[in-house]
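Q: From first to last, the protein sequence lines stand for chains G and H.
In terms of the working numbering, the first sequence opens at residue 954 and continues consecutively.
In terms of the working numbering, the second sequence opens at residue 88 and continues consecutively.
Everything labelled a hint here was simulated from the structure, so no lab data went into it.
Beyond 10 Å from chain G on every Cβ pair, some chain H residues (computed): (1) 164; (2) 210; (3) 233.
Pair by pair, the computed Cβ-Cβ distance ranges are: (4) H/366 to G/990: 20 to 26 Å; (5) G/966 to H/396: 33 to 39 Å; (6) H/297 to G/990: 37 to 43 Å.
Yeah, the Cβ is synthetic: ideal placement off N, Cα and C, and Gly gets one too.
Chain residues, written in single-letter form:
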Amino acid sequence: MALIEIRDIHKKFGEHQVFNGLNLEVEEHQVVCLIGPSGCGKSTLLRCINGLEEIDAGEIRIHHERVTGPGVDVDALRRDVGIVFQAFNLFPHMTVLQNVVLAPMKVLRQERGEAEHKAMALLTRIGLEHKAHAYPDHLSGGQQQRVAIVRALAMGPMVMLLDEITSALDPELVSEVLNIVRDLAKEGMTMLLATHEMGFAREVAAKICFLCEGTVHEEGTPQEIFGAPRKERTRAFLKRIIDAGRL
Amino acid sequence: MTSAVPGKGLGPVETGASRAAGERRFHAGGPPRNPSGLALISVMVGAFATLASWATLLDLRTALATVGVAGLAIDACLIAFGIIAVVMPLVPAIGAVAKARRSSRSLTVGDLITARMEAAASRKSSSVALGLVASQILILLAILFLIANDLAVSKTFFYLPLMRDSFLLILKAFWINIYIFMIAEILVLVWGLAVAIARLAPGPGGRPIRLIATFYVDLFRGLPAIVNVYLIGFGIPLTGLPVLKDLSQESFAILALTLTSGAYVAEVYRAGIESIHWSQMAAARSLGLSHLQALRYVIVPQGVRQIIPPLLNSFISLQKDTALVNVIGSIDAFNQSIIIASNHFNLSAVTTVAIIFFVITIPQARFVDRMIERDRQRMRAGSK
Ligand SMILES: Nc1ncnc2c1ncn2[C@@H]1O[C@H](COP(=O)(O)OP(=O)(O)O)[C@@H](O)[C@H]1O
Ligand SMILES: [Mg+2]
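Same shape as in the complex, but just chain G (with noise of 0.2 Å):
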C-alpha cells in the first residue's frame, strides 16, 4: 500500500511552470531518492507534501487521505510528516534540546520532563547528548543538521522528508549526517529524500525518481536508473554527475 500518492499535481509560480502533471508513490518502509538539476522543484514537491506550499491542481494523499486542498488541517498533517531542510534552520534563540522539546511540548502538549526526556534519548543516539544545553551556532554544520533531523523526529512522524540535506555541508561532516538516515532507513522509516549524494542514493533507495520539466521524466531502482537509464535526459543529467565527480 503507499503511503505518499501523487497523483497529477501542477503548479505555476507566476508564469512558471514548476508541475506539470507529476505523479508520484512512496510505499510505507521505502526510501524513495529525487534526483534532478537545480531548479527542476524537488524542494518544492517536498514542501507541497509538508502543506508549506499549495499546489493548484491534483492532489496527495497520505493514508489515503487527502492532504492538499481546502478543508485540510495542515498542522495536523505536519505533525506526521517531518521535514529537514538544506539549511538547518535551527531556532538560534533556543537551545538544543529546546530546539527539540518545543513542538512536542507546544503541538504534542507533552509535558517537559517527557518531552526533554524523550529528546535527551534522541540526542544521545546520535552522540550530542553533551551538546544539549548549546546553542545552534555553537554547533558545527554537521551537528545542527543532525539536530534538525532529531527535532524532527521527535515529533515521531510517520514520513521524513529530507531536502539536501548535505548540500551546506562541508565534505568530511556529510558522513555522520548520511549515517544517521542510513539507521533510520534501516529502521523502516518511510523517507523521500531530494540528494546530490548519488553514491548514498544508490545504496538507501529502493525507488530513483528523476525530476525534469514539471514531471517524473524516468523512475526505477537504482540498478535501472544508474545501471542503464532509458532516457535522453536522464543519461545527460548523470553524465554532468559524473564529470562533476560526484558518482
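With the hints as your guide, set chain H with the ligands onto chain G.
A: Just chain H with the ligands, lined up with the frame of chain G:
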C-alpha cells in the same frame, strides 16, 4: 610555476606568473611627502588657540567677579584650564615638528623606511593637534556665548539660586511624567505587538484585520501627538461617556500617548518580525506549530532582539512627549517649571526640566547596550 598552463580555450594571455622573476620588481613607493608644512600649520593654529583661550579665561574671570564668584579657588581653576589650553594642542603640534625633522634627516642619510615612518607619525600628530584645536575653539565660543552681555545667557537659563530653590518642586512634579510614561510604555509594548501581528495576519481571512491595522498606524503616525493629547484629554470628558469621562487627566494622557506611540512601536515590531528569515517560519510551521505559535515562540523572540535599540528610541520619545500633557493642564514637571518661570521672569527652572529629561535617558541607553551585549555573548558562547 614558471609558465602559464596552456589551458583549453585560454588564448595567449600573459599572466603575472608567466614572466621571469627580475623582469619586474615590486616598488613600495618613493620618498615620503614632506610633512613639515602641516606640522608648522598645526603649531601656528595651536598658538592662536592658546592665546584665544587665555583671553577668554580672563573675560570669564571678570564676568564671574561681577556676580561675586571670585577668589583663590576660582583663580586656581582658571589657571588650570589655562595650562590645559596650552598643553592640549601644542604638545602634539611640537611633536609633529620634531618627527618631521627626524624624517628629513633620515631621508638625507638614505634611510627611506624610517623617513616614511616618521613622516606618517608626524602627519598623525598634526591631525591630532588640529582636531584638538577645533574642539577647543568650539568650547571657547560656547563660553563666550554664556558670558556675553554681562552673563545674560547664563542668568536667563542657569540662574543657580532659582534652580536650587525650585528643584524639589519640579522633581515632585516629574513624578507625574514618570507615572505616565511607565504605564504608557507597558501598554505600548503589548499594544504595539498586537497591532504588528494584526498587520501580518495571513491569508484572505486576515485581510480586513490587516487593513484596519494599517489604517490605524497611518492615522496615528500622521496625527501630531499634541493634537491627539488635546483631542482625547478635552474631548472624552465632553462626550459624557460613562466610566471614560471620569478618568483622570493622567489617564487620558496615557491613553493618547499609548495610541500615538503604539503606532510607531507596531512598525518597529513589524520590521523586527519581517527581518527574521522566512525559513524560520517554515521550520516552525513544518513542526506543526500554528501561525500564532510560530510567531510567539520562534519569530517574535528573535525579532525582539533586533528591535531593542529602535524600541528604546520610541520609548525615549514617548518619555519626552509626556511634557505635552501641559496642554490639558496636568501639573507635570514642565508645566510646573513654566509656572515658576512666569513668576520669576526667568527660565532656569525650565532648564532643570530639560536636564532631568536628558539625565534619565542616559542610563537607559547604557542599560540597553549591556543587555544586547549579554544576549549576544550568551548565543555565541554556546552552553551557559
Ligand atoms: N517561492 C517561490 N516563488 C517563485 N519561484 C519559486 C519559489 N520557490 C521556487 N521557485 C522556483 O521554482 C523552481 C523549483 O525550485 P526548487 O523546488 O527549489 O528546485 P530544486 O530544489 O530542485 O533545486 C525554481 O525555478 C525556482 O526558481
Ligand atoms: Mg532545492
